[in-house]
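Chemist: Letter by letter, the chains look like this.
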Amino acid sequence: MTSPSTQPAASAPVPANLATTVSEIDFSCRLPLLVLFISAAKWLVIGWVFELIASIKFHSPAFLADYSWLTYGRVHAAFANSLTYGFCIQAGLGVVLWLLAQLGSTKLAQRWLVTVGAILWNLGVTVGVIGILIGDSTGFVDLEMPGYSAVLVFIGYLLIALWGVVTFHQRRRRRLCAAHWFLFTALFWFPWIYSSANLLLLVFPVRGVAQAVVAWWFSDNLLVVWLALVGLGALFYFIPKLTGRELHSHYLALFAYWMLILFAGWGGIPNSAPLPAWMPALSTIGTVLFLLGVVAVALNLCETTGCSLSVARGNTFLPFFISGLLAFALAGFLRAGLALFDVNQSLHFTWFGPALKELNLYGFFAMAMFGAIYFIMPRLLGVALPWPKLVRAHFWLSAAGVVLLVLPLLLSGFVEELKLENTNQPFLAVMRSTLPFLRVSTMGDLLLLIGHVLFLANMTGLVVGFYRARAQATYVDLTADLFKTAGARS
Amino acid sequence: MNFGPLIFLAAFFGLTCSWFGFVLTPQFQIGRLEQTNTVPSGTLYPVNRPGLARQGLGIYRANGCAYCHSQQVVQTGTVCDVVLTDAGTNQEPLLVALRKLRPSLSEAEDKDLITGLPKTVRQGLAKDEAQAMVKTLIASGAKASVWIVPVGPDLSRGWGIRRTVAEDFLFDYPVMLGSQRVGPDLANVGVRLADPNWHLSHLYAPRSQVKDSTMPPYRFLFEKRRIEHARSPDALLLPSELAPEPGYEIVTKEEATALVAYLLSLRANEPLFSAPVSVASAAPATTDTNAAPGAVNSATNAPPVK
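Chain order of the listed sequences is A and B.
What the first sequence shows, in my numbering, is residues 12 to 501, in sequence order.
What the second sequence shows, in my numbering, is residues 179 to 484, in sequence order.
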């Protein structure tokens with residue numbers, strides 16, 4: 012890395028003396044990124060089927076109750092892991108590789124090995140989700156995939172990330188932009204947290220509640236820090252690029268970066284935890300201080316877009332990033348609010364917690380990834396999206412889905428908390444009073460599932476279109492001589 | 179000058195701060211936690227769960243019970259009760275003292291109080307106030323003591339008598355504290371619902387035990403089989419609408435038995451130094467009376483909040 016005084020280069024034109032053209036860069040990314048993005052889209056659909064099954068169980072508890080592998084606790088974990096490891100991290104890695112190649116004007120290093128890594132990753136997640144369904148879940152939230160699949164996942168990640176680092180190192184445009192900082196750090200941080208968590212929880216388990224602390228730390232570092240590193244990296248690249256403006260402030264972006272890496276990793280330990288008091292206290296402080304970073308990101312990107320939603324009008328990709336930014340900021344504030352006002356309360360035991368998690372995971376990260384993938388995929392293959400109108404439909408389905416999923420659960424959390432404070436209210440009655448909210452959120456899930464099917468259809472259509480164009484070209488090539496000879500005879 | 183490596187190291191150090199804080203440091207503190215003594219009886223706590231219960235923990239883990247059930251009892255504070263344990267030989271000064279301490283109550287109620295001791299004189303006091311009151315009572319020739327009563331919504335719901343502490347999970351692997359309460363907290367379910375048959379029926383058909391329960395049934399932990407010679411003694415006794423057709427019975431699989439053994443082993447209610455609470459058997463003066471343990475104060479008879 013060079014000194015932080017370098018200027019953003021995201022929107023600067025590629026110097027003419029660079030021999031590698033954009034299409035060559037895209038070609039080098041084609042195969043591994045196809046594997047990553049198509050698999051990610053597939054996991055999204057699979058995950059949402061699990062989520063729907065889990066969701067239906069709240070309305071009719073006896074639904075599929077005779078099958079151990081479809082019981083709520085297993086399906087819910089299968090959903091969470093399909094979404095996190097199957098979609099989020101996988102799509103994130105694809106975007107990181109493409110951005111590193113693109114920003115550095117260099118080809119992706121060792122694309123075949125990256126492809127092998129992507130296949131190993133998917134094999135690992137498949138084995139892991141099956142493991143969860145047959146009852147081998149580790150019991151640690153966000154690390155449920157059993158140890159035997161974690162090995163595959165870890166090797167797959169290393170294979171992908173290693174060549175990402177090499178690609179970064181081989182960059183021809185030496186200047187660093189804000190996105191570089193975020194993306195490069197993300198490549199390193201996952202192996203550290205994943206190996207720490209696996210070693211200390213599965214291989215050499217630590218004693219008693221120390222397990223819970225490590226699990227909370229891992230979960231927070233994966234879902235808040237890692238996802239923010241990659242998601243913000245994408246936002247800092249795509250929002251200036253798509254609006255055609257310079258990033259408002261490079262230094263503000265770096266400030267957000269430092270706030271993120273210094274403070275965000277401390278969050279996640281609730282006040283109710285049976286732990287020495289300094290841990291939840293420190294956790295609260297970290298979460299609240301991270302607000303500085305959240306505000307810096309929001310200000311910076313808001314200034315970049317001119318603080319108006321109208322820039323997104325007419326643009327296919329920008330709405331995904333803008334809504335991602337909004338969700339990121341909202342999730343940051345809600346997280347800090349929860350940490351601050353939750354002393355001696357039990358708001359985090361209500362639906363507020365899952366709502367916050369989904370807002371960050373889906374509203375922020377997945378939305379940013381959708382935008383990026385829709386942008387990148389046609390460039391990789393050199394063909395246009397088969398159904399561009401479906402992108403719009405997907406956006407509105409996702410946006411409405413997130414609102415319907417998250418908002419009722421947030422409200423339900425508040426209602427639940429207020430009612431639980433009054434101990435004359437029987438617990439079951441309070442729980443039943445949340446059911447109407449859950450019904451609405453199931454509708455949200457349904458909209459999201461439709462959106463994901465559209466997403467997968469567009470991706471598959473793109474690949475089919477690519478191979479059809481290729482087959483036609485080959486056919487024309489092969490038959491060209493035939494027509495020539497036929498023309499000569501007549 | 180190339181600051182790259184330096185900045186990289188700084189960033190890495192920044193990130194690993196939280197690792198040092200929340201992964202490494204806890205190992206020196208709670209990672210080396212040992213069994214502790216209960217207060218005041220001095221027995222070792224906790225003891226490892228019995229083998230079947232440890233198997234049951236595996237069933238609890240495999241089926242993700244922790245996504246809906248927490249094992250964290252929250253305590254918002256502690257109040258003190260004044261408990262009169264012995265009226266002494268001369269009751270006149272005591273009655274005078276009681277008049278002063280409880281001006282709102284009638285004399286008859288005071289007289290009623292000093293029969294069938296131990297009884298609670300005042301509830302929900304601050305520590306100093308309670309101690310002063312005990313002093314007054316002792317000066318009048320009676321015996322009285324301060325009782326520590328943890329309070330909070332969870333405790334009022336009867337989910338426990340004190341907050342959960344790190345020691346409660348010392349021997350568990352994996353530790354599943356839970357993050358959400360779709361169902362009630364289970365930290366003390368073995369105390370609250372001690373009947374294994376209740377749990378078995380509840381797992382098979384939650385609504386047979388709890389009306390309108392939102393818990394999914396766990397029928398796959400049970401087996402429906404034909405009655406060969408006579409009904410198995412382990413067969414579930416089910417209400418007619420849930421019972422299988424005649425000639426069949428529902429028996430528990432090993433998983434269900436183990437899971438129930440685990441649930442019954444969840445009893446995080448021992449008084450500890452780090453989570454003090456007075457319980458009936460721990461109060462020295464009450465052990466030699468014939469009063470039913472917990473008659474004064476128990477988990478089911480928690481005082482009002484504040």
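Hints are not guaranteed to be accurate.
Distance ranges between label pairs, derived from CB positions [said to hold, decoys possible]:
#	chain 1	residue 1	chain 2	residue 2	range
1	B	406	A	472	57 to 63 angstroms
2	B	421	A	439	22 to 28 angstroms
3	A	440	B	422	29 to 35 angstroms
4	B	302	A	262	31 to 37 angstroms
5	B	419	A	439	17 to 23 angstroms
FYI, nobody ran anything at the bench for these hints, they're computed from the structure.
Beta carbons are placed, not taken as given, at the ideal position from N, Cα and C, and that holds for glycine.
Chemist: None of the hints should be skipped; say for each whether it holds.
Modeler: Here is how each hint holds up against the structure:
For residue 406 of chain B paired with residue 472 of chain A, a C-beta distance near 59 angstroms keeps the hint of 57 to 63 angstroms intact. Separation of residue 421 of chain B from residue 439 of chain A is about 24 angstroms and conforms to the stated range, judged on CB atoms against 22 to 28 angstroms. Between residue 440 of chain A and residue 422 of chain B, the C-beta spacing of about 31 angstroms keeps the proposed range 29 to 35 angstroms intact. Between residue 302 of chain B and residue 262 of chain A the beta carbon distance is about 56 angstroms. The supplied range of 31 to 37 angstroms is therefore violated.
Checking the proposed 17 to 23 angstroms range against residue 419 of chain B and residue 439 of chain A shows it holds: the Cβ atoms sit about 20 angstroms from each other.
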